[in-house]
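Novice: Just so you know, the sequences run in chain order A and B. Note that numbering that gives the first Met the number 0 has the first sequence beginning at 0, numbered continuously upward. Note that numbering that gives the first Met the number 0 has the second sequence beginning at 0, numbered continuously upward.
Do not rely on the hints blindly, as some may be mistaken.
Unchecked claim - Straight line, CA to CA, 30 Å or less: simulated DSSO-like cross-link-like pairs of lysine-lysine:
hint, chain 1, residue 1, chain 2, residue 2
1, B, 170, A, 285
2, B, 233, A, 96
3, A, 38, B, 233
4, A, 243, B, 400
5, B, 143, A, 194
What the hints assert, rightly or not - In silico negatives: residues of chain A with every beta carbon more than 10 Å from chain B:
hint, residue
6, 72
7, 103
8, 145
In case anyone wonders, no lab produced these hints; they're calculated from the structure. Heads up, the beta-carbon is just placed ideally off N, CA and C, and yes, glycines get one too.
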Amino acid sequence: MPSSDYDLASLPDLLPLYYRRLFPFSQYYRWLNYGGVQKNYFQNREFSFTLKDDIYVRYQSFTTQTELEKEMHKMNPYKIDIGAVYSHRPNQHNTVKSGTFQALEKELVFDIDMTDYDDVRSCCSAADICSKCWTLMTIAIRILDRALRDDFGFQHLLWVYSGRRGVHCWVCDEAARKLSVAARSAVAEYLSLVKGGEETLKKVVLTDPIHPFIKESLAVVEDYFPQYALQAQDIFGRKESVEKVLTLVPDDVRRELQQLFEKEKKPENRWELVKDQATKKQATGKKGQHFEKEIMLQYCYPRLDVNVSKGVNHLLKSPFSVHPKTGRISVPMDINRLETFDPFAVPTISLICEELDRPRTGEEDIKENEKDAAEKRKIRDYKRTSLAKYVKYFDQFLDGMASSWKGELLRKSDLQKEF
Amino acid sequence: MLFSGGRRKKHIANPQTDLYAHALQFYGQPPLENISLSEFETFAVDRLKLLKTVENLGVSYVKLSEQYTKKLENESKNLNFPHRLDIDDRKSQNAPNEYEKRRKDYISHFILRLAYCQTEDLRRWFIQQEVDLFRYRFSDLQPKQKLEFLHRNNLQYDTISIEEKKTLLDKLVNSSYGVSGITVEDQDFYKVPFQDALDLVRTRKVYLKAGYVYIPHQDIVTIVLNDFRTRLSKALALTARSLPAVHSDERLQPLLNHLSHAYVGQDYSIQKNVGKISLEQIDSLSGKSFPLCMRQLHQALRENHHLRHGGRMQYGLFLKGIGLSLEQALQFWRSEFIRGKVDADKFDKAYAYSIRHMFGKEGKRADYTPYSCMKVILSNPPSQGDHHGCPFRHSDPELLKQKLQFYKVPPSGISQIMELVKGMHYQLACQKYFELTHNIDDGSFSLNHPNQYFIESQKALGGGKDLKKEMDMSQRSQENSAARRPAAAREAAANTSQDLVEMTEDLDSFFQDG
Ligand code: SF4
Ligand SMILES: [Zn+2]
Numbered sequence: 000m001p002s003s004d005y006d007l008a009s010l011p012d013l014l015p016l017y018y019r020r021l022f023p024f025s026q027y028y029r030w031l032n033y034g035g036v037q038k039n040y041f042q043n044r045e046f047s048f049t050l051k052d053d054i055y056v057r058y059q060s061f062t063t064q065t066e067l068e069k070e071m072h073k074m075n076p077y078k079i080d081i082g083a084v085y086s087h088r089p090n091q092h093n094t095v096k097s098g099t100f101q102a103l104e105k106e107l108v109f110d111i112d113m114t115d116y117d118d119v120r121s122c123c124s125a126a127d128i129c130s131k132c133w134t135l136m137t138i139a140i141r142i143l144d145r146a147l148r149d150d151f152g153f154q155h156l157l158w159v160y161s162g163r164r165g166v167h168c169w170v171c172d173e174a175a176r177k178l179s180v181a182a183r184s185a186v187a188e189y190l191s192l193v194k195g196g197e198e199t200l201k202k203v204v205l206t207d208p209i210h211p212f213i214k215e216s217l218a219v220v221e222d223y224f225p226q227y228a229l230q231a232q233d234i235f236g237r238k239e240s241v242e243k244v245l246t247l248v249p250d251d252v253r254r255e256l257q258q259l260f261e262k263e264k265k266p267e268n269r270w271e272l273v274k275d276q277a278t279k280k281q282a283t284g285k286k287g288q289h290f291e292k293e294i295m296l297q298y299c300y301p302r303l304d305v306n307v308s309k310g311v312n313h314l315l316k317s318p319f320s321v322h323p324k325t326g327r328i329s330v331p332m333d334i335n336r337l338e339t340f341d342p343f344a345v346p347t348i349s350l351i352c353e354e355l356d357r358p359r360t361g362e363e364d365i366k367e368n369e370k371d372a373a374e375k376r377k378i379r380d381y382k383r384t385s386l387a388k389y390v391k392y393f394d395q396f397l398d399g400m401a402s403s404w405k406g407e408l409l410r411k412s413d414l415q416k417e418f
Numbered sequence: 000m001l002f003s004g005g006r007r008k009k010h011i012a013n014p015q016t017d018l019y020a021h022a023l024q025f026y027g028q029p030p031l032e033n034i035s036l037s038e039f040e041t042f043a044v045d046r047l048k049l050l051k052t053v054e055n056l057g058v059s060y061v062k063l064s065e066q067y068t069k070k071l072e073n074e075s076k077n078l079n080f081p082h083r084l085d086i087d088d089r090k091s092q093n094a095p096n097e098y099e100k101r102r103k104d105y106i107s108h109f110i111l112r113l114a115y116c117q118t119e120d121l122r123r124w125f126i127q128q129e130v131d132l133f134r135y136r137f138s139d140l141q142p143k144q145k146l147e148f149l150h151r152n153n154l155q156y157d158t159i160s161i162e163e164k165k166t167l168l169d170k171l172v173n174s175s176y177g178v179s180g181i182t183v184e185d186q187d188f189y190k191v192p193f194q195d196a197l198d199l200v201r202t203r204k205v206y207l208k209a210g211y212v213y214i215p216h217q218d219i220v221t222i223v224l225n226d227f228r229t230r231l232s233k234a235l236a237l238t239a240r241s242l243p244a245v246h247s248d249e250r251l252q253p254l255l256n257h258l259s260h261a262y263v264g265q266d267y268s269i270q271k272n273v274g275k276i277s278l279e280q281i282d283s284l285s286g287k288s289f290p291l292c293m294r295q296l297h298q299a300l301r302e303n304h305h306l307r308h309g310g311r312m313q314y315g316l317f318l319k320g321i322g323l324s325l326e327q328a329l330q331f332w333r334s335e336f337i338r339g340k341v342d343a344d345k346f347d348k349a350y351a352y353s354i355r356h357m358f359g360k361e362g363k364r365a366d367y368t369p370y371s372c373m374k375v376i377l378s379n380p381p382s383q384g385d386h387h388g389c390p391f392r393h394s395d396p397e398l399l400k401q402k403l404q405f406y407k408v409p410p411s412g413i414s415q416i417m418e419l420v421k422g423m424h425y426q427l428a429c430q431k432y433f434e435l436t437h438n439i440d441d442g443s444f445s446l447n448h449p450n451q452y453f454i455e456s457q458k459a460l461g462g463g464k465d466l467k468k469e470m471d472m473s474q475r476s477q478e479n480s481a482a483r484r485p486a487a488a489r490e491a492a493a494n495t496s497q498d499l500v501e502m503t504e505d506l507d508s509f510f511q512d513g
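Same shape as in the complex, but just chain A (with noise of 0.2 Å):
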């Protein structure tokens, strides 16, 4: 049996191997040449790599697919960022005038991130993560995917497990990659219900009425809320996390729910005297009396942080990079499968290059035409690791894209007919 056993100290032995045999370059150039749609769009792209002892170097850019191979295989980069579609090619940012050098156009991002979360789990703080909280990130995934396809239009999103304790979106579709600054600003608020810093305890108000997209939202919350925060994090169990709760109903109705709470101590009936509490006051007539909703947001709603998803020339940690801290690679995610995905599943790095020197099965030798031999041979080799199927779900997701690029690449090649 191999074991995942991860240890940092290994990385720059394995991180060779690891970019010579089984990093997809091939899926990875064909998704960010976008069919070749837009002319240097690959090539004007920025790499930034993280180096051993935290050395970090941006601006990197390749013509080729070759040329980004040679790049990595020389360079072994600990950690691979991605940045924007710049005006020129970032490596050769110093040599154009100052000012005429611009971020154009990058995918719209988003990143969510479990520390984001930690007033409101209580089975781990910080960068750890479990299989408990982890239902954060399932809700905020089928949460963000319905908005952005439904309420935004967006057809081609990529999400992708960070390696740790967190997950990203790209999404990729022509006209996300051209939103303006402002316009990407405008999607992430739109998306963000939990407001607030350390000094707002109440991070969620609504006010009537309530917009479609929270209704949405809403049900999604429901689905989850009880398992989640009634029975995994227990947010009515011991007394100070029961007073959390309290502190985000109107006081008069606190006042009364600590009362009953003195005869009922089992979760579920807790929360349905919530619940009683806010049809109650909702009957009065009275607007904005939407704690109960609020409390479901405050605790489940996804956290995201706008500024990443605001900058066009935000780097964001590639999919496919490793992350050094745990070894895991930074995998696509298929939302089909969203409720088995397990983060502790994601192979790590030590995993698939042991799974490399696993003795071959006997159908994978087949006979070969020399020249492709190399080309096969990398192919071959991670679908003998637990990659394989990341890297497969990563093709299907190729291949929708295609279809639009074909789409683009004819209406242009009619264009030029017509002259």
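Got chain A sorted already, so can you dock chain B with the ligands onto it with the hints?
Specialist: Same frame as chain A, but now just chain B with the ligands:
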């Protein structure tokens, strides 16, 4: 007959009259006439005043509320800009001075474009105020005039059919502000790409489906504003490119620079009092002379041995403004951070850069100015894990109250402060806090900057006499700062190995990962 005939002739003879035929403008083409340098200056200064008023009112009042509108109208009148836009265009054009007012409005807008196109920050500020001014003016128009305006500027939007309205009725009612089932039937709904109505999207005041928003006619101003904003920001980018030509004009250049500096008020970044404060003093100063926003950051830093990016910027620049040298700043942040999860090595790699950056020693080499209250209050609101922002704006009132009690503010004072907070007068609330904690009855200054708070506090406590003098001197020697730049640049160049790292302001993002 004769009259209108005569007018038409004038139109042909003078294209400027056409340009100023309407009070509300998209400012399409630049004015063509010559203008004297002194007129240039008064126009610019007056518009700047108007825009500052727009900004201030936006903080203290709900935009377009009665008071907001009234104050803005008064200010426009005082400064001789067009006001009362609802009066019929043709009639008011003949009103005394109306032509002059419009001319002033038109020309001054273009002058400020020159002054405010130079940096991202300036552009953002200028666009925001111009957009708000436009919003106010547009909302002042009669419905008919609004339609005329759309017409004149070729703004056409698709309306949805009655059937579509019926199917979406529920959604439209629940997403549009102040729209009921009846009013949905009564008015047109426009369907436009969501990019054209960002303000409504941002605040979720519109129904959004498959990338399109459904805007009730009553909210059409949003699309118009969006259009205005887009045009203006494109125009500024163009102007910026032609700027070298303007800059070679030695009469204009100092004037333009002066204008663009004016928006932040006093520049507290000037470092003349460097080294007048020792690191040991900071704890006690934070209790006595720091405004609450900085006190809060200081406390959070001491407790957590860490501050996130937003907090580091707000607090770091403030400290720079009160006189910490770069060396002191590095020492200050390092000693605190290494008490937490960051070791010295990590600090030097990941954070030292951003501190040198604040002092203009890295990256774009811009010398960052400490944030004004307005900036703290309006931009980059704190989120999870953040301690920055303005406590009067960004704290739960309950927490703020507790804090004030803890700081021994008398109950009557607390209720006064909370009243001001409720009315969204955050700076006034802060000033009240200042008065209460410094035993001053009526402030002789009007607070708009955390560093000003500090200086005034030192003055009031008598401890800051020397400090004050230095500060005044520094104002006078603003020009010197430019002269210091080359030395700084040289030093920085020596320190960095160019190819390795060149980072932007968004450093933090770069160091956080999933
Ligand atoms: S009003 Fe200004 S100085 Fe006072 S706390 Fe707020 S930001 Fe700080
Ligand atoms: Zn957990």
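Novice: With reference to the structure, classify each hint as holding or not holding.
Specialist: Going through the hints against the structure:
no.	hint	in the structure
1	B:170 to A:285	22 Å, holds
2	B:233 to A:96	20 Å, holds
3	A:38 to B:233	23 Å, holds
4	A:243 to B:400	18 Å, holds
5	B:143 to A:194	40 Å, violated
6	72	20 Å, holds
7	103	13 Å, holds
8	145	12 Å, holds
The structure shown violates just one earlier hint, number 5.
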